[in-house]
Amino acid sequence: MKNLYILPIFIFVFSLSCKAQIIDSTYLSCEYQLKYSKNKNDILDKRQTIMTLDIGNKSSKFYSEDYQKKDSMYCSDVNYIPAIEIFENRSKYVSKAPTYSIFKNFPEPEVLTLCSKLVNVYYRYMEVSKFEWQLTQEKDTILGYPCLKATCEFSGRNYIAWFTTEIPISEGPWKFHGTPGLILSVADTKNNFAFRCITINKTKKAIEIPERNYVDCKKNKFIQLENRCYQDPVKFINTTSGVTVTRKSSSVKRSKFIYNPIEL
Amino acid sequence: MIYTIGYCIENGLQPTKRIIMKKIFIAFMLMVTISISTYAVRVTTSCGTQYEVTGCSSVGELGEVAMWLDSRDC
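For the protein sequence lines, the chains are Y and S, in the order given. Here the numbering used here is used: position 178 in the first sequence is 282, and no number is missing along the way. Here the numbering used here is used: position 8 in the second sequence is 179, and no number is missing along the way.
Same shape as in the complex, but just chain S (with noise of 0.2 Å):
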């Protein structure tokens, strides 16, 4: 995204607004794919016993997992 402003105003361009927006957007689901992958999310199941996860590629596999552990725990 900065790149893209930077290309733009060092050629003298106007970044569309749509551009910056599409930037941002991308940024933002790099930042939490990023976090998910990278940062440990402690999951306590209904039995109490806890786990860490780390590097689910979405949101949707971490849930997947942690309910997996959750049903097969107790």
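Next comes chain Y alone, as it looks inside the complex (with noise of 0.2 Å):
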């Protein structure tokens, strides 16, 4: 009988780390196709994969829907059903897209705080990021909408960006902002990142930021975490956790692989 009551409050406690807080709703929420270059040894190699972008009065969320709905629901299937059936059914939870997060203007204004999952770490940091847009008199079209043309140099990478002033919201993908309407299409002058915006809705949602043991750390050691991470997974996760793998054999041939990080 006394199990019945613990029952509860055990899933209850897992279910807390779970949970997401609301930090604000939005009120246009952008989805940008991504193409990327993931290994520097082979730039025409491209992933690409949806992002959204989810704009609120005082803040906004860039993020993989793909991603947060499969790792939300990870952590809540994790507490009741066996890891062995979970690896079985892992397309249900796996997502090859961005596991970062990025709120702009939280915790406070003109702050930005990137939260990410490397291996089964939760990181987060803030950081306070400024775009020097030079604006030009270059006009494009993207989605119907006449844009305007604005560069920029930022973490070791020049952009070229296309913004609105149709809509007039200092936003855009990934980091970027600043520029006098939301940002429609971006990409680095090598072509190794582009962000170009496919849908625009008028939503009211809420804006989550997930509640997970995160480990707070500066933007530096994060990004060197990131590329020892991403350039050898396994050396990682030997190196930085009591586990051991070893790689027995591979059936895909492919280039010698460096990692290519979007901030140098």
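Calculated directly from the structure, the hints in this document are not laboratory data.
If you only want the chain Y side, here are some residues facing chain S, beta carbon under 8 Å, derived:
id, residue
1, F191
2, V223
3, V347
4, T348
5, V349
6, K352
7, S353
By construction, the Cβ of each residue, glycine as well, lies at the ideal position given by its N, Cα and C atoms.
Hints are included, so try docking the two chains, each in its own frame, into the full complex.
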């Protein structure tokens, strides 16, 4: 009988770690197609994924809906479903999309918070990033919106952005912001990372920050960890946890992999 | 568990069913943990790469490592 009381308490305590904190509500939601080169040695091998930008009155969130949905599902199912079963049905939980979520103007104005997961640890860092855009008079049309061109340098890459003053919101994909209108397209000059808006919807939904056991760190430290993790996941797992992973065989033949980070 | 039962018999005590069940449970959990951390588990990702994983402290940790390898492999 006692167990009947203990079980719901146990489930409740574990489910707390999968909850989310509502920080704002959106009035505009945009989807961006992200095309990127994962391997510096093979720039032509492009990956693509859909990322979402939820814009609220005070803050915004840029993330992969696919990753977030699967991570939340894993977070709740891991307490009830045996790990073997989870691994067997891993397509339900594994997302190949970027694991980061970027919250602009959170927890305070001008501050950006990035949350990301590396293997089984959630990391979080904050930064104040400023983009010094050079505005030009060049014009283009994206999704029917007249756009103007702007250029800037950020974290070792030169970017060309197209923004529209018809949506006078100083927002954009990833960490980009600071233009007089919404950025609808932005790519670095080497075309390693390109974000292009594909849908714009007026929607009202909550902007949530998943409640996880985040490890707070400095941006530089996180970038170092991320580079090590993506460059050689096996070595990273072997050196940062008590787990030992050995690659036994690979059916995929690929060119030498050198991780291509967005921030250099 | 054996020690507890042995102790009870030596001292003329009747080990209660509850104590025995508790000890069996602890022994089982220890066996599972030791098995996972000692033995290598072979993980095949959806792209066909095989990894051998050892030293996981729990089945959950093994699952997370395996899924990360799967997500980053292809």
